[in-house]
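Q: These protein sequences, in sequence, are chains E and U. Going from the first sequence to my numbering is simple: count from 1 and add 10. Going from the second sequence to my numbering is simple: count from 1 and add 750.
No wet-lab data here; the hints were simulated from the structure. In this text, a Cβ means the ideal position worked out from N, Cα and C, and glycines have one as well. Mixed in with the good hints, there may be bad ones.
[As the list claims (entries may be wrong)] Output of the computed footprint for chain E on chain U, the stretches with three or more beta carbons under 8 Å from beta carbons of chain E:
{"hint": "1", "region": "782-791"}
{"hint": "2", "region": "865-873"}
{"hint": "3", "region": "884-898"}
{"hint": "4", "region": "987-1001"}
{"hint": "5", "region": "1016-1027"}
{"hint": "6", "region": "1039-1046"}
The primary structure of each chain is shown beneath.
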Amino acid sequence: MSVAIRRSGFDRAVLALLCILAFAWMLPLLWVLALSFKPNEFLMSRTDAFLAPPYTLANYLNILQTSQVFRWVLNSVVVAMGQTVGVVVLSSLAGYGFARTEFPGRRLVFALVIFGLAIPSQSIFIPLHRMFSHWGLQNTYAGLMLPGLAAPFGVYLMTQYFRAIPAELEEAAMLDNASRLKTFLRVILPLSLPAQATLAIFTFLAAWNDYLWPLVIATKPEMYTLTRGLASTQTNFAQSEGLGFLMSQAVFAGLPVLTVYVFFQKYLVSAVAGTGRRTEAKA
Amino acid sequence: MSAPASTLAALGPVARRPPRAQAAGVRRSRLSNALFVLPFVLLYAVLVLVPLAQGFWISFHEHDLLSDEHTWIGLENYANLLDDEIFLQVLWNTLRFVLISVPVFVVLSLALALALNRPGRLSAWLRGMFFSASVLSVTIVTLVWRLALMPDRGLVAQLLSHVGLGDVSFLTSETLALPTVAMITVWWIIGLPMMLFLSALQQIPGDVYEAAALDNATRWRTLLSVTLPALKRTVMLVAIIEIIRECQVFPQILLLTAGGPNNSSRSIVQFIYEQAFVQLSLGYATAASQVLFAFLLVGVSFQLWLQRDKRGAAR
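Please model the complete structure; the sequences and the hints are all you need to start from.
A: Written out as structure tokens, the structure reads:
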């Protein structure tokens, strides 16, 4: 459709340049993908002929047989899903409470939560680790998940969003003697699904990719998340006998996320753009 | 943000709008309303505020991670930090990392956004490609780049040898290690600032451009006197977001260079982590983390001020 639009020479040149740049951007990923289908012995000597034979699936079969990658994927799914659901529920409730209701001390508590946006996780993870070891939460799903549930970003996002919903909608429902909770569930919640989707996507990606917390709280390999586990296989990197194996691991771990990304790209991109819009629209 | 028709229908007759006085009653202050925020606030208090206070407390102690024994030493940890050459080095490294990466983030993502802010399938694909690496986890990114930067057999080494250049040791040279990690970080997450710029570009009203076109303004002129001034706030926002982010740089450094060679790429968060979990000296580590917290508090306050909701403040 857009091809029909008349383009100036300048525009064509810019687009051509961008295509080359995008290809260069993708090149490391494509290179790893291609080489992951090569036998390890072949990669010992050369890595240049990446489209020519020999090909093999041995590296991938190796993953299925030897490593704990499946366990790590399962752990990552449990932790990321649990955190996403938890954050969306807690943030929606709290965001509604702060934005649309009044209770004694509301302003003070909200200010305290906003203050939390400035607290980097790195400045609390040491006492938190001490606390969790004390409670015996090391190497448990609860231990991996809980700190993420207390992050104030979601509450901030949802509060901003709920504030923008016209009060009349809710007032009408309240006049019908619906309770606060009912009003929230039936009227406000359905209106805020786009914000929840944004929050869910962000939380899921952040949980899936988190490294520091799983690094300190999961010390047993069977409780590693995928991100944490892959790091542990990189430590003996110097022994390059398993080059193809390393590459296939990268592909195995990256491809599902990239596939999900291709399908949800539209939503993810509009989610990112949407947060920008909400902050920018206030200018 | 369009309300689904079914939701509006469920509201009943909209005509029955409440009189003002009753509407005000709806927002009456009630303790029971606090139940909405209670679950989150409890978790937040236990898992954020308490550890924050504890961290502050621990930083005045000599505290061993394993034995959990501690003795009060006042400000000694802080004084030691100022005398610690490695700590000063990691502060400087972190600052250098910010100074190298943030300008590239701002300029490159702005350039990409300006070039890709057009309709059509091709540019949508290109936008998607530049964003795609952002969804990969840090361990995949570092694995891919360690492979690509291998001497001799790595992708980069082979490309360089094609153009007649010898082997460059990117990750093992004291001068190149930190800039290399910075550029890999740019490669990884350039998509987020690009999207922020794209959404800001969409906010510029079309009639400004029509006016510029009527004045026969050239492409450059329009860019310089219409587009860029309209993006001033977003440039500041992207810069401060990236500064805050890159101040906390850690996992990619740990996995790519482990802080070496000779501490030349060790960052402040890596220092904190190693002091706590390798050296096991919690007091010293938490003192360093208070320093980081102080820096970030300034940065985040500035960001919130930039993003402040003017209408909300008026309420």
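Q: Just pull the numbers of the violated hints for me, sorted ascending.
A: As far as the earlier hints go, not one is violated by this structure.
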